[in-house]
Amino acid sequence: MAEKTAPHMIGSLRKNWVTVTCLSYLFISLACSYIFSVCGNKFFGYSLLWSIPLCLVIFFLFLFFDRSWKIDEHDVARFLNNKYPELEESAELLLAPVPSLPLLQQLQARKNEQVLGSIYKPGIFYKKLSTSLLILLVAAIIGTGLSMMRVPLHQETDIASSLVPAQKIKNEILLPAISSFTVTIQPPSYTRKPVRTQESFSLEAEEGATISWRIKTRSAVRTVQLILNDANVLALQPNNDHTSWTASKPMNASGFYQVKMDTIVSELYKMEMWKDQAPVISLQTPKANTVIDYGEPEKVMLNVVVKDDYGISEVSVAATISSGSGEAVKFEQQQINFDNSFAAQLPQYQLKKSVDLAALGMKPGDELYFYIKAIDNHRQEKRSDVYIVSITDTAQLMSVDGLMNGISVKPEYFRSERQIIIETEQLIKDKDNISEEAFRNRSNNLGIDQKLLRLRYGKFLGEEAESNEDEHLSALGDDPKDFGNAEKVLDAYTDKHDNAEVADFFEIATKNQLKATLTEMWNAELKLRTFVPAEALPYEYKALRLLKDLQQKSRAYVAKTNFTTTPLKPEKRLTADLSKIIGPSKQTNFKSNAGPDGLIRTALSVLEQLKNRGNFNSDPLPVLQQASQQLADKAIAAPSTYLSSLEALKRIIASLQNRSLAGLNDISLVETALQKMISAPVKLPYTNKKPANINLSKEYFKNLKKLNP
Amino acid sequence: MAHWNYIVIGLCLLLLAFIFRKEIKRKNRRRLAARLTASLFAVASLACLALPISITKKNTDSPNKKAVLLTEGYNKDSLENFIKTNKEQVRVYQVDSLAWIDTSLTALIIFGHGLSRQELKSLNDIPLIFHSSAIDDGVTSVHWNQKLKSGEKFSVQGIFSNKRSWPVKIALEGFHTPLDSVTIPAKQTKTFEINTFPKQIGKAVYSLLISDKQGALEKEPVPFEVIPVDTLKILLLAASPDFENKFLRNWLAENSYAVASRSRISKDKFDRTFSNFTSFSFDKITNPLLDRFDIIISDATELAALTKTEQAIIQAQVQENGMGLIVKADSIAAPTAFYAAPFTQYSSSAKQPSTAALYIQDADKPTVPLSSDGYSFIRSKPGEQPLVVDSMTNVIVSSKMEGMGKILFTSITNTYTWMLGGNNNDYASFWSCLLQKAARRTGAEQTVLITGAVPKIDEPIELLFEAPGMPLPGTFIAGDLLSLHQNPDLPFQWQGTYWPGKQGWQPALNFSDQSINWYVYGTNDWKNISAIEKTKQTQQYINDKNNVLNKGVVTQKYVPVQLPAIYFLLIFIISCIFLWIEKKLSAL
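Protein chains in written order, with the numbering used here: chain R, 1348 to 2056; chain Y, 539 to 1126.
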């Protein structure tokens, strides 16, 4: 090695460097691509073969950014200078031809040549290589580990697919005479979709779309027809030389069709219709029944979301205001429009509207009925439920009409809610004329009245007197001897009678309303005692309204009706003579319970027989033909589910008629569809047969009877 | 040979007589007894030399008379181990060369799952030693109802033992649709039950798929037959028209049952309806009238209102002809009447919830709760079977045998509210339970029992026919005459053997008015089950044989062994030497 010249050594070092760098890049890119492709295969199901192009791409990316192939001798010399101080920063001298150098440099070059000879070994770059090899090894381990790992999701689908025969998307079989064809679907204008053309007969189209077929034949044929749903015929119009045929038809129902050329009929193609959906209205506010109490703002915030599959052209609120009561009730209809513009016909609108009830002319006691009406761009209208907003009529609550007649009025030693309201209103009116202290006194007194009333109603609910709790608690006492005395503690915290919650005669709904009333009274009392009677007023009104409601609930109304009795025949009365009365007798016959499902059930076992190539007790054809009619009905409704099985059933029937064997695939396809059509039968009673040894049992029974008569 | 024997014996006797005479006549009479004895021995041994004398001996040491038979599933290791430890050479037969096995073998050692009963019989009396291979992976036991009525639950039950360290899934598939499945955890042996309600009517073969993470392990056929229910004829009697009867009548009629109902609307005036029946008059209950019906459903009041004769007719029909009687309890029930006496009603003193779910016999889950107002409970007594109970096991419907028939007593009268609430399934399962329990048994059943758990193609199958009262000398199966022989003790049983040549559903066995379908499995179906059966049969066969041996019947062989002539020659020489020396001694 020492014999090698210095440039030669540097050259070989360069070659070494480049090779090692390229190799290490190759290893790293192999590692990366392996990991990526294993991940892709595991989680997304891509083929492992993708790793080859991926590896190449990564490798060339490395080369492109690194440019290792551009390393030249000077780079090597610089590297040597950095690495070996012995060369004294003068390795470049070795590259130049010695004679051309000045003397000093020649001397240095000679010296370097010897140094280089001593340090030269081709393995100085191998460290880089070993690092990349390590990376590759780690990647291989990780990748293998990943591929061993089972992805649960993937496995489930594996099992499912092993159980269910895969419904593969099959290629359509065309009639041999067709050279080319197109099916053009022009969606209706409301969908705002462009015209589309497809080259398969199976089609899916929007309701109202126009479908045009253009079929080119290899040679002239006499007629081309489309047989729709096995029933209707649509003839195609030929051009002059009878090789190009066209027809079009609006889409108005799902189903299937066949192409018939002269006498040859194609397989069944499905024709599925996408129906336009009506708009969907969801009202977020207000609630179905809103009551606006005295003092609340007389406004309703409408918050509506309207959706449609294509577009909405109009949304409005149809409102009806009812005012008055009894026979004097009046209705007034109004349409309230939203402020939004529906010109864009977007598929979804979020609408808000604040309805001012006073502006609509509503007075206390009136009710507003409204519903939202949405119309989509196919002019399909949808209405929401009816919502009710009512304003309470304080005047009516104050009326004492119902109480005036027939009730003996006893002196009331506590004020009624009505009275409290009147006095509160009076107090508010007098506020400016009386002194501050008198105002406060009166307000406080009203608060006390309110409290008395509340306690009185509270008794219905079994509530205790107010001071009760304190008494109980004081019973606990401070005597240290009683600490931990269970009896005393229990005494303090329990009531010694039945549970108050259930110890009365009211229904739960009534009790809840009573409780709500009491809450309102509480609030009113609070406001009165804090000397703000104006704020107490709404609570008082609400309490009064709830009390009135309670009164109404306990009443029953019976409408008057007219009824005329038949005249009696006194001579026949109480004779108990029934001789002329004939007992009624009725006879009904129901058809066999087998019904349509029964037929399918039998067809299933017939198919099973067919699979077994067994011999039949009876001719299987009629059963299968009837089943095929029912399957055809299903196929019209849902062609994508049942059409392929209908075709299969037709093939089976044809093969039976030709006395050839039916295909096993066809049979399983039909079986799957038929069993999907029906549900399991209901359990019905039946009689068991006697055992075969019945004579023996009979003898035994007879002898037993003789013994124990 | 016989002549030679006689000649030899005769000559020897002559010789003996001659020698005895000579000895006795000798002058020197010393040692006469010894001389005579010696002469006798000499002549006797001479005769023995001339005659072939043999004794029979236990045949213990006959080399090369053992053989090994390898049946399916044998363990290679244990076979090699056996051959290694066995010093002698043994022949090894495969199971298909059964016919060539030498019947004079002293022992046949069977490895594997064993042989079927028929194959064992062909081995005659060769003593058997059985080294069975254990079957402990996969389905080790399975059962399903091979014949069920429409609407009944189809359930496959069994035991699966899983040796793998990962779970195994067992799924039932019918008509290419997965119906139900269970998972057996890793390294466990568990019972499993897979249920479905079949949709077809008639024969079908479902399949049991056993799969693990590596894919399908087994696919076994599960053949069964669904039979349409035959309708019943029902008579409804009521003291007054009510909803309960109306709903029941309509429900039965819509399901094609023949119903005649009679509700009393005034004194001796009835409202009659006939559904799926031609109308007839039945103001009076008579025997010919009741012969038409399988079940009477009546309330206790109406039964009490019948005349004594009518009641007696009903009782006789129930007791002697097996008609069913369902009595709906009410407060006016006469406690001494035959239909009410066995049942004691009581009202529970405990506070009852206003609604109660009912538990119906054989139903999977309790019903939707029903208002429990106005029904009492029935005290359960020995001899009565509760059919419907509530959650506190208070009996609501009870049944009792009455002669050949049954009387059911029900205290519930508002089942129609299930129908009103849309719970038709609960209604159906309640009345199905009651009616089925009460129904008169009609027509004797004819059955064919097939021996063996999995009858397989190309194997003999024993068919056991059960048919009452008629001779069944033979029947035709697919054109082949199958001759049957009658069981001497049970005259309704007939037996025959058939070799099916085709797998799958067999042509129906037709006899009298019934046709019976049966299924023959392929050779590879349910391998585990048939292996277990074969193992059992082989074990049973060997046990039976051993029992016979222990009873003293000798089956081991005794062979004649010729005694070596040298002993007789020695006796002869010794005797002669004695006689010679004696002569010399006496001469001295």
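Hints should not be assumed to be uniformly reliable.
Subject to a maximum C-alpha distance of 25 Å in a straight line, what follows is the list of computed BS3-like cross-link-like pairs (lysine-lysine) [to be verified]: (1) Lys1919(R) to Lys805(Y); (2) Lys2049(R) to Lys2036(R); (3) Lys822(Y) to Lys846(Y); (4) Lys1933(R) to Lys805(Y); (5) Lys1938(R) to Lys1121(Y); (6) Lys1776(R) to Lys1806(R); (7) Lys1806(R) to Lys1895(R); (8) Lys822(Y) to Lys2036(R); (9) Lys784(Y) to Lys1938(R); (10) Lys2045(R) to Lys822(Y); (11) Lys1596(R) to Lys1540(R).
These are calculated hints, taken from the structure and not from any lab test.
Now the hints, each set against the structure:
Between Lys1919(R) and Lys805(Y), the direct Cα distance comes to roughly 17 Å. Compliance with the 25 Å bound is thereby established for this hinted pair. Between the alpha carbons of Lys2049(R) and Lys2036(R) the distance comes to roughly 20 Å, so the proposed pair stays at or under 25 Å and holds. In summary, the hint linking Lys822(Y) to Lys846(Y) is supported, as the alpha carbons are separated by about 12 Å, within the 25 Å threshold. This hinted pair checks out: Lys1933(R) and Lys805(Y) have alpha carbons roughly 19 Å apart, not beyond 25 Å.
With a C-alpha separation of about 125 Å, the suggested pairing of Lys1938(R) with Lys1121(Y) is violated against the 25 Å cut-off. Note on Lys1776(R) and Lys1806(R): the hinted pairing is violated, with a Cα-Cα distance of about 33 Å set against a maximum of 25 Å. Taken as a hint, the Lys1806(R) and Lys1895(R) pair is honoured in the structure, with Cα atoms around 18 Å apart against an allowance of 25 Å. Between Lys822(Y) and Lys2036(R), the direct Cα distance comes to roughly 29 Å. Violation of the 25 Å bound is thereby established for this hinted pair.
As the CA atoms of Lys784(Y) and Lys1938(R) are separated by approximately 19 Å, the hinted pair is consistent with the 25 Å bound. Annotation: proposed proximity of Lys2045(R) to Lys822(Y) is violated, straight-line Cα distance about 29 Å (limit 25 Å). Our distance criterion of 25 Å between C-alpha atoms is met by Lys1596(R) and Lys1540(R), whose separation comes to about 18 Å.
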